[in-house]
Amino acid sequence: MRRKIPLTIAFVFGIVMIIQFFIPHPVSRDFYQTMLDWRIIVIAFTYILAVSSLIRIHINKVRRKKTGWGFSYVTLISLTVTAVVGVIGGCFQPTQITTWLIEHFNWQIEQRTVLMVIFTYIQIPMGATMFSLLAFFIASAAFRAFKARNLTAIILLLTAFVVMLGRVPIGELITKRLPEVLQLQNIVEWILNYPNMAAQRGILMGVGLGMMATALKIILGIERGYLGGGD
Amino acid sequence: MTDRLIFDRINRWIIWERIFVRNRAFKAIFLIFLFLFPYLIFAQEGMEEAEQNTLAPPDTIAEILSPTEIKASDTPNDAGENITVQWKSPEDEVGVIVGYEIFRSEEKETGFEITGFVGKATEEFKNRTQDGVEYYYKVRTKTKDAKFSPFSEVSLVAVSRPQFFHTGRINVLVAVLVFVSLLMFFVSTAKKGKSLFIRRIAGLDALDEAVGRATEMGKPILYVPGLSSMSDVATIASINILGPVAKKVAEYESTILVPNRDPIVMTVARQVVKESFLEAGKPDAFNEDMVFFLTDSQFGYAAAVDGIMVREKPATNLFLGMFWAESLILAETGNMTGAIQIAGTDAVAQLPFFVTACDYTIIGEELYAASAYLSRTPVLVGSLKAQDMGKAVLIIIMIAMFLLAIVNAVFFIATDTGNAFLSRIISFFQGLFKV
Amino acid sequence: MGFWEKVMRLDRRWVFFLIALAVLIPFLKPLRLPISVTKPVKDIFDEVEKVPPEGPPLLIGTDYAPSTAPELDPMLYALLRHCFATKRRVMLVALYPQGAGMAQAGLDNVLPEFPEVKSGMDYVFLGYQPGIGSVILQMGEEIRRVFPTDAYGVSLDSLPMMEYIHNYDDIAFMMDLSGSSVPMLWVMYAGARYEQRIGVGTTAVSAAQYYPFLNTGQFKGMLGGLKGAAEYEKLIKKKGYTEARKVATIGMDAQSIAHLVILFLIIIGNIAFFASKSHRKKTKLTSG
Amino acid sequence: MKERKGLIIGSVILLIIFIGMLIKGEPSKSILVWIAALLTLFIYSFLYRDNIFYKFAEHLFVGVSVGYGISVYWQNAFIRKVFDPLFITKTYIVDGQFHLWPLLAIVIPTLMGLLMLSIFTKKQAWLIRIPIAFVVGMSAGISVPSTFQAYIFEHTKNTLYITLSISSFIMIVGVITTLVYFFFSKEHKGLLGKTANIGIWFIMIAFGASFGYTVMARISLLIGRMNFLLYDWLGVIK
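If you read the protein sequences in the order shown, they are chains A, U, P and D.
For the first sequence, our numbering begins at 1 and goes up steadily by one.
For the second sequence, our numbering begins at 1 and goes up steadily by one.
For the third sequence, our numbering begins at 1 and goes up steadily by one.
For the fourth sequence, our numbering begins at 1 and goes up steadily by one.
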């Protein structure tokens, strides 16, 4: 019972979604849209679990005075403030409260809602900065890993080196006098378009088969790892 | 109780499995599909040709600047409410044409009203209609000085309707059916107890060792199940690996940390870890907070996991699932803390970064082989065989096409036109994979 | 421990430090490394030069978001400067909601240099409308139907510049700046259906996928990444159009230096690897 | 130890450069830009080592982004997909007539969502498997045919355009050997092993190429942040 029902649900919805793909009829199209809406609603409820997990962990940290518990306050307070501002003040469109506040206090809000101000000046800069850490990490990874240890490492190292060199003006200058086929930027383009593309296609075809097999195993109830073991 | 016994017991009730797998009729169906495959494709080609033959004969008395050969028909493979109007644009050497105005009426003679305008380089117009209503169309040319040509002749009647089957996707349908048959076939063979071989996958072999090392050192294991949601199959593959890993951890009564970005993945991962601890006979060692949610912001997640890595100092980091640009942020930080790292993903763009920063990398399809590899459950191993057969089919088609292309090229050098038959076969195979 | 072994075990924070300097220094002290102009960029420049002054405008699509702005903003600035300095007219349109903000920021940045340039006379900013494909299509028939007013709410009919501009026939050249697939939609709809001449400005990563369309002529030219923008800046500087700060050229300096630092690190790393390996062998021999 | 001293000196130099620019330039007058800039520096401090500034930024990032997530889910899922159609627009009443299906289309997923909360009970916790099975099963169903199209058909089709050239030959050899590398049910020995080895070479070329190709994009991200710090915040460059 505890397995049959979920497995049947997975089977039914899996098969229906496959069939749906082949039917252009409006009924099938509307059904697809409804299913996507359902998924959004279900996930929204799961978000409750997620947030409660986060909050509980930080409250526990504060209670047990674990190392760095003070910072848990930062998370808890910023979470509460942002959520309250977003739910009451409006997400993308300002609610009446926000409109009243803006008019009453003569605020200048470029982003329309307070939530978007927080988003623009706190979340986006921090995200962009985390993203830009990659400039440093890609350098240290290259320095450490690109060593000619064995044949495969040499291939990896050489292609990376050539492609990198071909991306800066100096690389072009080095081979300027050579015939066009041997100019660095053309070699780089060839590497990208042929051997690189070949391997990518090979990997992706394999991945496609793996994904299909896994998805089908789930629909057919052969793979049940996602339900956890037991009955 | 061994894995296999559990499996057999819970397998028993599935009805469709009986129909498909144990029934001998299945094999017959499989064979029929194999034979049907080329037929279905040819049939579709034939249909297209037949459609073209029924088209109206070209109009020989073309008026100057008027569009000719106007034809209107239901737009194929759609949800209805749409008619495609096509015409042949007149010669325009001076370049005076701006575009075409399309007129529509429900009667053949009168009541035409403008329904759309398209640019000069177009010879097709898709018109929103009501299903079941009869429409007639005519088109006229608009010139730069806002003058109009006489109308083209009126098209034949056209009615729009929704289709119940997308003929352009017949190749996908056949492919899905063939693959399902292959999968079922090998799974059923595997069930009969025929043992199947799997080659060594270094990254997965290292999993055991890496988990063992962490427990020896008394340090936690960090398991990142990717940053995508459950709708990504890579995440499901990762969850399938999490089971055995968590079981191992439970046996040593060690700690596993599973930070999550997606709420559903978190819920599923928690179930899986909990059950694994139960199966290992250590339900008390399980703590709900081992599997936790961080944030759904991509780089916020990366920042927080970086924090965990430098503060909790896990001895083993496992990054398995779907990753984007944050892959290197995680892997480099993990490398900095000196942990053993095993990564696996099907995101081709991220693999190079994992290869440079991790000790072992599980590449692409190997991730999907993992649950079979770790559990060695016959049915799962059987499905690997089906994947291999899929690859074999693709390889055979490619080699055959390559040889054909060479032969055709020889013909081409000799006769300057190539061999009609060979060209037809080649274009047939290319058409097979039309998307 | 010999020198090379020390290099082998170099703290990675030194690498971070070098990269930080490599990016910071060109900002404070521009190096002006030589830049050679490639054909796709020259093609764009020539197309813009063909736009008649005080005549049919250049249409610029700003279909990008802040995340790709470092690479695409310099292109927008350079194109605007090129046109404003030579009395060529410009129309701006955004098919991404965030694109409108990028276009406005670009105008705010460039306009102070050209006090005589006026909205409605020399440029028109149409703003943002949702529905990418259908907006492009409808603009082919009548721009006013999709954009009855410009971004500031002024009716297009009241703008002197718009008097003779109705659809793609009245637009000399179209330039789409985007890191996503929007340029392909411009090609599919405006290019294939209305024979609009189109150029593309895109990020370095996306540039590779557009090369095939350059060969077929579907794009008349391309600015690829900071490098493309820097080349364009060089071209307008050469013509003496502007003396403004060359954002992309500085960025390109930083990028080249950072690239060279990484290449240098790889070479040093390998020398250290082989040196310490042979050193280890030697010590083994002597000790054994 | 010596090395660390050097690093500290290096970091101090960077800091002095920034403070110098702060005095010399025309810093932004917007407090929001200052917040963004300080948070940027807090995160960069992680490159030296974990510290309280990074910890603060990290915890703030988590809190703010989850708060943002709550707001977006509240607006896009609860309000727009459940509350509005159920109580405001009443999609299940058309022309004064009651229709069952539109009502069920809201109620069923809501009930399924509520089952998620069964995890908080001891006995009925298994009910959570129902919504999970729905999401997983349906996602798997959607992915099967589209995977065939996007991963297998698309790439096979493009590989099958063969011309008589070295490039085309390399392409087909590369695809085939890479596929062979992924054969699981045969031991990689003899001919198969050799082919799979060539496949690894191709894979390595692809990895090297995409690594080298990505460096430029990553550096430009850093340039973008530098531009923010030096232009928008400090105003030292014009």
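Do not take every clue at face value.
Under the rule of at most 20 Å between Cα atoms (straight-line distance), these lysine to aspartate or glutamate pairs were calculated in the DMTMM-like manner [to be verified]:
#1 D/K122 - U/E251
#2 D/K122 - U/E288
#3 U/K282 - U/E253
#4 U/K282 - U/E251
#5 A/K147 - P/E54
#6 D/K29 - A/E110
#7 P/K29 - D/D95
Don't read these hints as lab results, they were simulated from the structure.
Distance restraint between U/K282 and U/E251, which requires alpha-carbon spacing of 20 Å or less:
Within the cut-off at roughly 7 Å; holds.
Proposed proximity, D/D95 with P/K29 (alpha carbon, max 20 Å):
Distance of about 72 Å is beyond 20 Å: violated.
For D/K122 and U/E288, compute the direct alpha-carbon distance and say whether it is at most 20 Å.
Holds, because 13 Å separates the two Cα atoms, which is no more than 20 Å.
Hinted pair, alpha-carbon criterion (20 Å max): A/K147, P/E54. Please report holds or violated.
Distance of about 59 Å is beyond 20 Å: violated.
Take a quick look at whether U/K282 and U/E253 sit within 20 Å of each other, Cα to Cα.
Cα-Cα ~7 Å, so holds.
Is the Cα-Cα distance between D/K122 and U/E251 20 Å or less?
Roughly 24 Å separates the two Cα atoms, so the pair is violated.
Under the criterion that the straight-line Cα-Cα distance not exceed 20 Å, is the pair D/K29, A/E110 satisfied?
OK: D/K29 and A/E110 at ~16 Å, within 20 Å.
Hints 1, 5 and 7 from the earlier list are contradicted by this structure; the remaining hints agree with it.
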